[in-house]
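Those sequence lines, one after another, are chains A and B. Numbering-wise (my numbering), the first sequence opens with residue 1 and increments by one. Numbering-wise (my numbering), the second sequence opens with residue 205 and increments by one.
Treat the hints loosely; a few may be bogus.
[To be verified] Going by beta-carbon spacing under 8 Å, a handful of chain B positions derived as facing chain A:
| id | residue |
| --- | --- |
| 1 | 252 |
| 2 | 265 |
| 3 | 266 |
| 4 | 272 |
| 5 | 276 |
| 6 | 308 |
| 7 | 376 |
| 8 | 378 |
| 9 | 394 |
[As the list claims (entries may be wrong)] For the chain A half of the interface with chain B, some residues (derived, Cβ under 10 Å), not all of them:
| id | residue |
| --- | --- |
| 10 | 44 |
| 11 | 48 |
| 12 | 49 |
| 13 | 54 |
| 14 | 57 |
| 15 | 59 |
| 16 | 62 |
| 17 | 173 |
| 18 | 175 |
| 19 | 185 |
| 20 | 193 |
Worth flagging that the hints you see were computed from the coordinates, not collected in a lab. As the structure is a computational prediction, the values presented were derived from the model and not from experiment. In this text, a Cβ means the ideal position worked out from N, Cα and C, and glycines have one as well.
The chain contents come next:
Protein chains: 2
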Amino acid sequence: MAKPIDFYFDFSSPYAYLASKRIEALAKKFDRDVNWHPILLGIIFKTTGNMPLTMQPLKGDYAIRDFIRTAREQGISYEQPSTFPIASQAPCRVFYWLNEHGDEAHRALATPFLHAAFNAYFDNDRNISDPSTTVEIAVETGVDQTAVETALDNPAVKDRLKEAVAAAIERGVFGAPLMFVDDEPFWGHDRLEQMERWLQSGGW
Amino acid sequence: MAKPIDFYFDFSSPYAYLASKRIEALAKKFDRDVNWHPILLGIIFKTTGNMPLTMQPLKGDYAIRDFIRTAREQGISYEQPSTFPIASQAPCRVFYWLNEHGDEAHRALATPFLHAAFNAYFDNDRNISDPSTTVEIAVETGVDQTAVETALDNPAVKDRLKEAVAAAIERGVFGAPLMFVDDEPFWGHDRLEQMERWLQSGGW
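So here's chain A without its partners, still in its complex pose (with noise of 0.2 Å):
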């Protein structure tokens, strides 16, 4: 099997849902698992000097527009969230500390809490920075709910996602989705395409 696709996001992107719902789809055509890695767009923007599309003036009427526009040419539903952009803290850490547990059991349910905390978000109009929201849906997703508050608060998980976004930047991930196959990036959830014809060819 060949390298699984790279794919970076802020639970907080709009673009970076829309993608979410394709990527595994579109990795399967071409025997490719997909590695999710979830970070922290604000400590990013501190390093480009980047705002939330939706703050920026004139862009960020466009950007709303697109979002809904973008989402129904795909068939997803969408609902732009009553609170944009927010913090996603809460929903990195339980995704980081489900998928590298010891236990096989919680890592077979980090993918579907990904899931269910973008539909949250993004078509139930759930605020998931907050961290109790956050565990109402990985209680839904099947986690127990006293494991998921102490995972929450375990300095360790802080650190992994720290360690994430650190890592991220190092690799020069400036925006969501940032997807990397084999080491070549495609931002945007308008990259699919590109990426798909590049994957399909082995490049150009």
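With chain A held as given, fit chain B onto it using these hints.
Below, chain B alone, put in the same frame as chain A:
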């Protein structure tokens, strides 16, 4: 004939250069013309708080890699200019002067001049921010040298450009290329395919 596609661009934008090579054929498929609107992103970025792509840490490295990669995929000749980005007042002024000229022979040279200026900058490393280089390109396109030199210093021509930039901001233009199909905005070379689907389907 349906309404022309409005194509807002800065002569210094690589993605606008790439899209300029494709937009006329795309418009023609749907029996539309292209209305070219050269503008100054530097002025617009004062409103939006943006920076030129290549000046942004991390994103800049990706951008340069992507200009070259995307041009190669499209079979478009591209060489990263040695001075980048540039102020593009000179070619903008020449374009508006030609395009809105009382004389049909001058008007007919506006689009050829536009393509020649883009090619000079992105394929031959000629610095079109230098008025004398822009004059050379106009002369190569068939414009009279004294006439174009006079136009470049004409306050009415300068005002026309200012007016065009203000009108673009008023319409919500925040980047380049930004294209409107009727009143539907599409931003970026990488949205040409989505714009084509919009034209094909009449929207969704």
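Hints, verified against the model:
1. Satisfaction of the interface hint for residue 252 of chain B is found here, the shortest Cβ-Cβ separation to chain A being roughly 5 Å, below the 8 Å cut-off.
2. Look at residue 265 of chain B: its Cβ gets to within about 6 Å of chain A, closer than 8 Å, so that hint holds up.
3. A cut of 8 Å between beta carbons decides the hint on residue 266 of chain B: the least distance to chain A is about 6 Å, and the hint holds.
4. The interface hint given for residue 272 of chain B is violated, since its Cβ lies 11 Å from the closest Cβ of chain A, which is over the 8 Å cut-off.
5. The criterion of a C-beta within 8 Å of any C-beta in chain A is met by residue 276 of chain B, whose closest approach is roughly 6 Å, and the hint holds.
6. Look at residue 308 of chain B: its Cβ only gets to about 36 Å from chain A, farther than 8 Å, so that hint breaks.
7. Here the hint on residue 376 of chain B is kept, as its CB sits about 5 Å from the closest CB of chain A, short of 8 Å.
8. For residue 378 of chain B, the interface hint holds, since its Cβ comes within 8 Å of a Cβ in chain A; the closest pair sits about 4 Å apart.
9. About 5 Å separates the beta-carbon of residue 394 of chain B from the nearest beta-carbon of chain A, less than 8 Å, and the hint is met.
10. Checking residue 44 of chain A against chain B: minimum C-beta separation of about 8 Å stays under 10 Å; hint holds.
11. For the restraint placing residue 48 of chain A at the interface with chain B, the shortest Cβ-Cβ distance is roughly 5 Å, inside the 10 Å limit, so the hint holds.
12. Interface restraint check for residue 49 of chain A: the shortest CB-CB distance to chain B comes to about 6 Å, inside 10 Å, so the restraint holds.
13. Using the Cβ-Cβ criterion of 10 Å, the hint placing residue 54 of chain A at the interface with chain B is not satisfied: the shortest such distance is roughly 12 Å.
14. Satisfaction of the interface hint for residue 57 of chain A is found here, the shortest Cβ-Cβ separation to chain B being roughly 5 Å, below the 10 Å cut-off.
15. Given hint, residue 59 of chain A at the interface with chain B, holds; its Cβ is 4 Å from that chain's nearest Cβ, closer than 10 Å.
16. For residue 62 of chain A, the interface hint holds, since its Cβ comes within 10 Å of a Cβ in chain B; the closest pair sits about 6 Å apart.
17. Interface restraint check: residue 173 of chain A against chain B, minimum CB-CB distance 7 Å, threshold 10 Å, status holds.
18. Here the hint on residue 175 of chain A is kept, as its CB sits about 7 Å from the closest CB of chain B, short of 10 Å.
19. At a threshold of 10 Å, the smallest CB-CB gap from residue 185 of chain A to chain B is about 6 Å, leaving the interface hint in force.
20. Hint on residue 193 of chain A holds. Least Cβ distance to chain B is approximately 7 Å, under the 10 Å limit.
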